[in-house]
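**Student:** If you're matching them up, the sequences are chains S and W in order.
Residue 48 in our numbering is what sits at position 48 of the first sequence, and the numbering runs on without skipping anything.
Residue 107 in our numbering is what sits at position 107 of the second sequence, and the numbering runs on without skipping anything.
A couple of the hints might just be wrong.
[To be verified] The list that follows gives simulated cross-link-like pairs (lysine to aspartate or glutamate, EDC-like), each with its CA atoms no further than 16 Å apart:
#1 S/K68 x W/E105
#2 S/K42 x W/E105
#3 S/K37 x W/E105
#4 W/K57 x S/E39
#5 S/K103 x W/E105
#6 S/K103 x S/E39
Calculated directly from the structure, the hints in this document are not laboratory data.
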Amino acid sequence: GENVEQHPSTLSVQEGDSAVIKCTYSDSASNYFPWYKQELGKRPQLIIDIRSNVGEKKDQRIAVTLNKTAKHFSLHITETQPEDSAVYFCAAQTGYSTLTFGKGTMLLVSP
Amino acid sequence: EAQVTQNPRYLITVTGKKLTVTCSQNMNHEYMSWYRQDPGLGLRQIYYSMNVEVTDKGDVPEGYKVSRKEKRNFPLILESPSPNQTSLYFCASSPRPGNTIYFGEGSWLTVV
C-alpha cells in the first residue's frame, strides 16, 4: 500500500518567517494530495490540496508544490503568524482507495 | 448546517464490552471513512465506504467492523474492545474520493 513520509516532525519559526513541510509518497499512481491543519483539541481541516496534473497551487500565504517524478510534495507558509501554530498533516490518495496520512508536523510560531 | 456528527464524544469502557460509535452526515456524501489518531502515528484509516452497501478495509481494520445501510450513516463497531483500541476516532465524509474530506469532532475512546 501507499506510504507517506513527512518531515520535519516539529518546526519552530519566528513570526514573519516562512515554514516548509515536506512529504514523500511511494505509490506513483497517487493522484490527490491534501494538506490538513489540526489545532489542539480540534478536528483536522483542509487547508489546501493539489492533484497530480498540477505542479503548484497557491492560496494567499499558503502554497503547495508537487514533483511527480521525485514523488514528493511540499507545503509552504509565508509570513507566518502565531495562529498558524498547529499540527499539519499531508496525505496521498490513489483513485478510490485509502487516503494515507503522514505522521504530522507540529509547527510552532513564536511572536 | 453541513456537518458530520459522531457519538459518543467521550467513552470509557471495559475490555470485551461491545460498543458502537455512530456517525452521520447531512451532506449527501457518497464517501465516508473512519480514522484513528494516536500520538506519533498520525491519522490511520480503519475502513471506508464508497456508497451504500460498499465498504473496504483501510490500513488498520483489525478489531473493527462497519456497515453502510444508509447513505448518511456509517457506524463503527468494536465487537470486543481491547486496551490497544484506546484512541481518538474521527469519522469523515466527502462527496467522492479526491474531494475535500470533512471530519467529525472526534470520539475519545478509552478501553480499560
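**Student:** Would the pair S/K103 and S/E39 pass a check requiring their Cα atoms to be no farther apart than 16 Å?
**Tutor:** holds, 15 Å
**Student:** Taken at face value, is the distance from the CA of W/E105 to the CA of S/K42 at most 16 Å?
**Tutor:** With Cα atoms ~7 Å apart, S/K42 and W/E105 stay inside 16 Å; holds.
**Student:** Keeping to a limit of 16 Å between CA atoms, is the pair of S/K68 and W/E105 held or broken?
**Tutor:** violated, 33 Å
**Student:** Do the alpha carbons of W/K57 and S/E39 lie within 16 Å of each other, as the hint requires?
**Tutor:** Cα-Cα ~28 Å, so violated.
**Student:** Assess, step by step, whether the Cα of S/K103 is no farther than 16 Å from the Cα of W/E105, and give holds or violated.
**Tutor:** The hint is violated at about 19 Å.
**Student:** Would the pair S/K37 and W/E105 pass a check requiring their Cα atoms to be no farther apart than 16 Å?
**Tutor:** holds, 14 Å
Violated hints for the displayed structure, listed by number in ascending order: 1, 4 and 5.
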